[in-house]
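S.K.: Residue-level listing of the chains:
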Amino acid sequence: IEEALIYETGRPDVTGVDLADVDDTELHLGGLERSDAPNLPGMSEPEAVRHYVRLSQKNYAIDTGLYPLGSCTMKHNPRLNEKVARLPGFGDVHPLQPVSTVQGALELIDLVANGLKELTGMPAVAMSPKAGAHGELCGMMAIKAALEARGDARSVVLVPESAHGTNPATAALLGYEVASIPAREDGTVDVAAVKERLSPEVAGIMLTNPNTCGLFERDIIEIADAVHAAGAYFYCDGANLNAILGRVRPGDLGIDAMHINLHKTFSTPHGGGGPGAGPVVLSEALAPFAPLPWVVSGKDGFDLIEHAGQAGAAKPFGRMTAFHGQMGMFVRAAAWMLSHGADGMRQAAEDAVLSANYIRACLKDVMSLPFGDRPCMHEVLFDDQFLNGSGVTTLDFAKAMIDEGYHPMTMYFPLVVHGALLIEPTESESKASLDLFIATLRDLAMAAKRGDTERFAGAPWYAPRRRLDETRAARQPVLRWTPQAPSEPEPKRDAAE
Amino acid sequence: IEEALIYETGRPDVTGVDLADVDDTELHLGGLERSDAPNLPGMSEPEAVRHYVRLSQKNYAIDTGLYPLGSCTMKHNPRLNEKVARLPGFGDVHPLQPVSTVQGALELIDLVANGLKELTGMPAVAMSPKAGAHGELCGMMAIKAALEARGDARSVVLVPESAHGTNPATAALLGYEVASIPAREDGTVDVAAVKERLSPEVAGIMLTNPNTCGLFERDIIEIADAVHAAGAYFYCDGANLNAILGRVRPGDLGIDAMHINLHKTFSTPHGGGGPGAGPVVLSEALAPFAPLPWVVSGKDGFDLIEHAGQAGAAKPFGRMTAFHGQMGMFVRAAAWMLSHGADGMRQAAEDAVLSANYIRACLKDVMSLPFGDRPCMHEVLFDDQFLNGSGVTTLDFAKAMIDEGYHPMTMYFPLVVHGALLIEPTESESKASLDLFIATLRDLAMAAKRGDTERFAGAPWYAPRRRLDETRAARQPVLRWTPQAPSEPEPKRDAAE
Amino acid sequence: MRYLPLSDADREAMFARIGVDGIDDLFADVPRAAWRDALVDLPRAKSELEVERLLSRMAGKNVAAGSVPFFVGAGAYRHHVPASVDHLIQRSEFLTSYTPYQPEITQGTLQMLFEFQTQVAELTGMEVANASMYDGSTGTGEAVLMAHRLTRREKAVLAGNLHPQYRAVVENLAHMGGHEVVTLPPVPVGEDDVMALIDDDTSCVVVQTPDVFGHLVDLRPIAEKAHAHGALLIAVFTEAVSLGLVESPGAMGADIVVGEGQSIGNGLNFGGPYVGLFATRSKFVRQMPGRLAGQTVDAEGRRGFVLTLSTREQHIRREKATSNICTNSGLCALAFSIHMTLLGAEGLKRLARINHANAVKLAKALAAVPGVELLNHAYFNEFTIRVSKAAANVVEALAEKGVLGGVPVTRLFRQNGHDDLVIVAATEINTDDDRAAYAAALQEVLA
Amino acid sequence: MRYLPLSDADREAMFARIGVDGIDDLFADVPRAAWRDALVDLPRAKSELEVERLLSRMAGKNVAAGSVPFFVGAGAYRHHVPASVDHLIQRSEFLTSYTPYQPEITQGTLQMLFEFQTQVAELTGMEVANASMYDGSTGTGEAVLMAHRLTRREKAVLAGNLHPQYRAVVENLAHMGGHEVVTLPPVPVGEDDVMALIDDDTSCVVVQTPDVFGHLVDLRPIAEKAHAHGALLIAVFTEAVSLGLVESPGAMGADIVVGEGQSIGNGLNFGGPYVGLFATRSKFVRQMPGRLAGQTVDAEGRRGFVLTLSTREQHIRREKATSNICTNSGLCALAFSIHMTLLGAEGLKRLARINHANAVKLAKALAAVPGVELLNHAYFNEFTIRVSKAAANVVEALAEKGVLGGVPVTRLFRQNGHDDLVIVAATEINTDDDRAAYAAALQEVLA
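Note that the protein sequences, when read in sequence, are chains A, B, C and D. Start counting the first sequence at 1; every next residue gets the next number (the numbering used here). Start counting the second sequence at 1; every next residue gets the next number (the numbering used here). Start counting the third sequence at 1; every next residue gets the next number (the numbering used here). Start counting the fourth sequence at 1; every next residue gets the next number (the numbering used here).
Just so you know, these hints were derived from the structure itself, not from any lab. Hints may contain errors.
[Stated by the list, open to error] Taking lysine-lysine and the DSSO-like style, the derived pairs with C-alpha atoms no more than 27 Å apart in a straight line are:
no., chain 1, residue 1, chain 2, residue 2
1, C, LYS320, B, LYS195
2, B, LYS299, C, LYS401
3, D, LYS61, C, LYS361
4, A, LYS195, D, LYS320
5, D, LYS46, A, LYS117
6, D, LYS320, A, LYS117
Can you build the whole structure from these sequences, using the hints too?
M.R.: This is how it looks when you write it as structure tokens:
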């Protein structure tokens with residue numbers, strides 16, 4: 001069933017909100033009254049509710065099925081967390097209320113901060129970054145600030161080929177030159193290459209661990225030592241912290257800064273792309289440069305440090321965002337931490353790793369492992385070698401999964417592997433669910449090898465939409481509804497994948 | 001995608017609820033400890049959430065589309081009402097807390113009671129009945145009690161042919177003999193027949209107004225007068241109050257008792273079959289016999305009358321249920337009443353009537369009206385004459401609507417019309433929504449007349465299930481899962497409709 | 001008005017299409033004498049903000065159970081309901097769907113009901129259960145009528161310790177239908193003589209366990225005697241959690257088991273909506289009231305579910321129906337079923353154990369207060385205490401001290417003069433602090 | 001643990017299938033020195049009841065805005081959000097879905113974003129908008145970087161009355177990236193001299209309206225001067241509702257409009273998550289940061305939506321990307337879009353009128369209090385007052401009297417010595433009683 005756009009069914013003169021009458025006598029707008037009538041369609045409440053319910057039915061979600069999107073960590077989102085985030089004492093509190101009226105909010109932030117520090121073995125944490133990439137930016141700013149504070153401006157940041165795209169983008173935002181580090185045959189960072197590229201110009205290295213191939217960087221301590229010996233800092237992308245939570249503490253590995261995706265490891269819901277939250281843990285060396293604001297605890301309760309003048313000996317490098325960070329996400333993460341506890345968090349990491357390895361073990365004979373048959377962490381990476389000669393591409397394979405009722409895994413990432421298929425089951429799946437997923441993938445792999453190309457090339461057949469023409473979208477961008485543009489594009493144009 | 005039963009995926013030793021440990025030292029059970037292990041499968045929370053989300057996706061709902069189920073009144077359910085019903089002061093209050101601690105709850109009940117009295121023009125209301133049929137029972141009990149109080153036991157209740165099945169069933173529960181009243185050619189009750197059957201043995205009449213053919217009983221005042229003249233009482237089935245809300249007060253028509261379906265007229269959600277709520281308004285004559293309990297208001301606040309000994313001059317006939325009625329539904333109904341106000345409620349009734357007549361006007365040339373082309377109230381009744389000779393039955397026609405994305409209308413009810421199709425759009429549909437529905441029905445009616453029988457006989461084709469074998473379900477009842485029974489019935493058996 | 005999609009322009013266009021001048025033409029059948037031109041005497045429409053504010057203020061006048069140490073039971077119990085339960089029942093597709101008359105597009109509700117029926121049968125130790133009743137009390141009334149139909153006798157015997165509001169419901173239904181009910185007086189210390197009343201005219205004997213005072217009752221001798229006289233045993237419970245720990249009525253010989261399911265998945269809601277559980281033996285199923293979901297196949301042979309055996313029901317049988325019931329408690333049954341699925345047998349058992357342990361601890365703490373006597377020997381999570389002052393005043397005084405300490409027996413049994421008795425319930429929500437606060441407050445009140 | 005489906009038996013079976021002895025074998029790559037055998041020093045798992053109790057207690061230590069007369073703004077505003085908004089965003093299919101990388105099964109999110117982008121463009125009077133930023137402040141930082149890219153200049157000029165935390169974000173980003181920022185000091189009475197700073201090296205001038213003190217700013221002369229020098233005008237707002245009544249930045253000549261969308265559909269949440277709105281001219285779209293939904297067709301020619309122009313983005317462009325942004329504020333954007341759809345242009349205008357009227361009434365009431373001076377002439381729903389005592393103490397004293405009366409300017413501008421100023425906001429939630437309570441309390445505090 002098709003769902004029209006609000007611009008096709010709503011009307012600017014309709015409203016689904018009843019508001020009191022207001023007398024028009026007095027305006028104090030300095031003559032700046034709005035002159036145009038914006039085209040903002042309104043709807044009665046029944047129409048609006050139905051529109052959004054029907055739109056929602058066109059979405060796949062972790063609540064509707066396994067969502068094996070590698071590196072994105074789609075795990076169960078407990079509803080308790082949604083409930084507590086909506087307590088008026090958390091959800092209905094203004095960031096600039098007097099500190100005396102928000103002691104519980106500051107306590108909550110402190111609780112999460114302490115949890116993150118304990119879990120990572122790091123002495124400090126900056127809570128305000130709004131998402132993972134924002135946390136990266138924050139961590140790299142702390143590094144830059146620390147270098148500048150010692151009068152040692154440097155110009156290069158080392159980033160492995162397999163890194164998330166946010167890593168080089170972040171370094172570039174800060175004016176750093178990005179030097180790429182190749183991967184070894186086994187999918188991990190080449191220590192020798194790192195050492196070779198280290199120089200007095202290198203500000204730091206940005207490394208993901210467990211890395212984006214789903215492997216733990218065995219030589220990480222050696223790398224950290226080399227980086228430190230070169231006077232540089234070690235930034236760790238914490239997107240995959242969920243694999244080692246409670247078992248390995250990044251602080252014990254020599255890391256100087258690491259962002260933590262609360263919407264991955266701590267299960268705050270992704271919401272179709274956000275909001276996230278990206279607190280950054282910092283080493284002793286970087287802690288003094290943490291950005292404003294932060295929470296301190298004293299004998300009279302909690303207080304907020306919002307200005308450099310209040311910061312004492314610290315030298316905050318500045319501010320990442322207005323206000324205090326993603327409070328709504330902190331509450332959810334706090335509920336997740338408290339619910340799991342030290343024991344449950346460790347078990348969650350172990351189950352995530354176990355499940356990924358189980359998939360690896362059950363699929364290795366029909367799919368292909370780029371780095372051989374060795375244990376992975378929380379996600380397992382296949383390449384497209386098993387599709388060679390079948391006429392089926394990685395993309396086709398993934399789209400065919402949709403017809404079987406599954407969201408595809410991450411494709412074509414990391415770039416170091418040809419036709420990558422990165423599967424992350426998380427700790428939230430039952431064995432029965434994993435077994436069904438495995439059986440489906442085996443069946444698909446076999447079908448591909450049999451040369452059943454039509455099933456793949458045309459997929460998905462049974463989704464709300466057949467394959468969409470992304471090229472057309474980029475070449476002839478239609479980024480908003482306009483009354484001029486025909487609301488129905490010409491029919492029957494083949495997808496150009 | 002198929003969804004297994006909890007009995008096929010859950011296990012009794014799994015739990016999705018964490019509970020504290022408890023020491024096993026002391027039991028005070030008098031030796032009555034449970035000896036068997038009940039087969040109650042458990043699931044972790046992620047599994048359970050997914051199970052129920054996926055089950056829900058197999059349901060049609062008013063939030064997903066027009067639901068024209070005549071006499072069932074599927075209108076918009078505002079989410080504000082769900083929110084306020086969950087306020088701890090309403091949702092988390094025990095029915096036997098001291099009255100001093102529930103003054104707001106009693107005030108709420110009083111607010112709804114006053115609203116119902118004002119809207120119906122009746123002097124009293126019994127709030128405790130749990131649903132429409134329960135309200136009917138309550139109203140008829142009040143009639144029986146009033147008759148007994150004057151020493152005038154009577155044995156017959158008059159019920160029109162077109163009545164809801166609950167009416168005769170209710171009369172029979174109270175030991176009354178049911179005498180059926182035929183309908184006139186125009187679909188309304190035959191006044192002459194009523195007068196003819198009135199006698200000193202007649203306790204009362206049960207009449208629906210607007211009636212189940214969607215028509216207002218023009219002679220209702222004459223009927224009421226005749227009933228009263230015969231010493232009998234007039235029970236009105238209030239299922240269709242939504243058509244006349246704020247325009248006609250049943251109290252002005254001579255009615256003695258009428259139940260009100262809060263889940264119809266006042267939009268408390270149906271929830272897949274309940275809970276409902278069925279308060280009963282009562283005339284001066286019946287008011288003294290209202291059942292326990294009720295709320296009274298005094299200078300020290302509100303109080304509850306829960307025992308006959310507290311009832312003063314009143315002679316409550318007894319008790320319909322434990323506690324005080326469907327509080328959760330009262331809160332929702334209160335929110336609906338307050339939101340609409342006197343003006344909005346009247347407008348809602350008018351829009352419901354207007355929309356039904358609009359459908360009538362737009363479909364009368366392709367479908368058939370059993371009682372000619374005259375205005376209807378909030379629902380429009382078609383018969384199957386327009387399908388004559390097409391090979392398409394009323395059932396087929398309705399099932400074909402499913403493939404067009406609509407829930408079918410009420411079928412084969414009322415019984416007075418052959419192959420009845422009863423359509424109630426309610427006030428919640430936009431004109432665009434009505435127009436699309438009308439166009440779809442026109443298209444279907446035309447297809448049926450063209451003899452496109454396969455489309456109909458096989459329908460639905462695009463639902464979670466093809467047509468289900470109800471005969472088999474009744475002849476070989478399987479009413480629960482059992483480990484012995486094969487969980488998959490033998491395949492490929494044709495539906496026997 | 002935010003809920004009404006039609007604009008005035010829409011209305012005019014629709015009048016024109018219908019061929020009338022305005023709305024009054026469509027109400028032409030209404031006798032002029034009954035026309036009401038003015039608005040009814042109620043306030044005009046309010047914004048969402050105003051409505052929420054007004055009702056929040058009203059709600060604020062009540063003492064929410066969760067805001068104080070809370071020990072009120074006697075037919076409704078405060079348990080912790082997982083947040084996912086309330087989330088799931090609010091999904092549009094469950095919340096705003098009707099009775100599943102069109103099974104092809106309501107398999108969600110139907111499969112859930114089939115699962116619910118199985119859970120209820122297993123919980124009660126019976127063979128088959130229906131898709132729910134309004135609540136425990138009306139279910140008990142229906143059970144008695146069902147026993148009359150099955151035995152073709154018209155005399156029900158009610159134990160004295162049946163919840164008095166349940167008793168009132170049964171008596172009312174029986175009297176109004178012309179049947180006989182024999183009832184014993186309540187016995188707070190728990191020695192009931194219901195067996196003596198069973199004779200060859202008895203259709204059924206109705207016994208509650210745990211009873212209204214909290215006593216656990218061994219149903220086996222009662223079942224034996226009832227069956228010997230050709231009568232049926234109807235077992236009633238108001239605390240479904242008890243079945244996680246206490247012998248099931250089915251195992252003790254009950255023929256019909258009926259009870260309140262509110263404890264699992266449902267909040268207190270000041271008394272409603274709740275969910276009546278109703279189970280019986282397979283051989284009695286065609287006399288069972290209420291809706292039933294059953295398994296069948298679709299035209300392609302796939303398993304599916306439908307409402308079935310509707311030949312028992314009013315919309316088919318009219319005056320010959322087993323009951324006049326139309327609506328059930330579908331959404332409350334869903335909440336029950338989800339919570340039960342989260343618990344599982346193991347979780348339910350542990351929950352029941354915690355409830356019992358908390359009751360035992362509470363009983364000890366209160367019995368240690370001077371002027372308090374514990375009446376119960378065998379109990380689950382509820383018991384009765386005798387206090388040295390008028391119970392109603394004691395409960396009121398406790399409330400003033402911020403403790404909701406239970407139900408004075410006089411609230412339930414007006415005429416019986418047990419005015420020094422309080423029924424006290426303990427569940428998993430009570431903490432050590434709650435119990436200490438209760439004992440301390442009670443000591444002060446009784447001092 | 002209730003969230004972990006694997007049982008120990010499952011785990012054993014899986015180890016066996018993998019061919020390892022246990023979990024430690026799977027962590028073999030971790031250097032032994034970094035193994036942590038003991039649990040981290042945090043409490044063990046808690047039940048749902050315990051967690052809820054603990055967090056509720058913490059929440060209870062805060063004064064919820066809805067529980068008192070409330071007038072705090074300065075970048076975040078308390079508006080009434082319809083209940084349906086929060087219900088809809090909690091639907092599993094929206095809440096628990098990821099970024100729509102697989103458009104065939106995420107059309108719900110994608111169509112919503114396309115609608116959202118259109119709404120934001122219309123609201124701001126611009127041609128095109130992105131799918132949201134983290135919040136208004138980070139969006140402002142991104143806007144400045146975008147202006148640098150477009151103009152190939154590196155000096156941004158910031159108005160003094162830009163929200164100081166926005167300014168701090170821009171300055172930090174600029175300084176860290178090696179760009180220049182010129183800023184004026186704040187001018188509480190509203191006479192700003194930003195035009196004087198615009199020269200031929202200026203990439204952009206950043207002006208907020210209503211500004212942090214509540215003054216409305218006529219952007220037209222600033223736009224003219226900026227354009228004359230080849231610079232761009234970045235217009236900033238923190239109160240999206242103002243655009244229902246005040247001339248749009250687009251109509252006044254802005255090149256990039258960026259602001260905070262929290263006011264529509266989103267709660268206060270102690271500062272986050274919020275939703276940054278970001279709009280610009282079509283010709284600038286390829287330098288715009290953030291996600292974009294675009295329209296296309298599927299293999300059968302049906303309209304559909306995808307994420308597009310991703311060649312601007314980090315996952316394709318890596319170090320050449322327009323921004324490092326990956327996550328947006330999807331769910332907050334959804335809340336914004338739903339609320340906006342419920343409002344419609346007409347509803348938004350009326351909402352804005354009520355906000356303005358309430359601010360005018362409040363300003364009058366407060367100005368009548370001895371010792372209070374109103375600084376604003378033109379304002380929307382927020383203004384600044386000068387009080388006769390230290391503002392921070394006044395606000396604290398008001399809080400003790402149960403009135404949250406605004407933000408002392410010193411909370412925002414630490415070093416500027418405007419210590420007798422309070423920024424006060426009024427919205428549709430304020431009643432006559434609220435205003436009277438504020439005026440009375442203020443009178444007492446200043447007496």
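S.K.: For each hint, tell me whether it holds in the structure or not.
M.R.: Hint by hint, here is what the structure shows:
1. This hinted pair checks out: C/LYS320 and B/LYS195 have alpha carbons roughly 26 Å apart, not beyond 27 Å.
2. Taking the CA atoms of B/LYS299 and C/LYS401, the gap is about 24 Å. The hint holds against a cut of 27 Å.
3. Between D/LYS61 and C/LYS361 the CA atoms are separated by roughly 31 Å; this puts the pair beyond 27 Å, and the hint is violated.
4. Annotation: proposed proximity of A/LYS195 to D/LYS320 holds, straight-line Cα distance about 26 Å (limit 27 Å).
5. Note on D/LYS46 and A/LYS117: the hinted pairing holds, with a Cα-Cα distance of about 20 Å set against a maximum of 27 Å.
6. At roughly 33 Å between alpha-carbon atoms, D/LYS320 and A/LYS117 are farther apart than 27 Å, so this suggested pair is violated.
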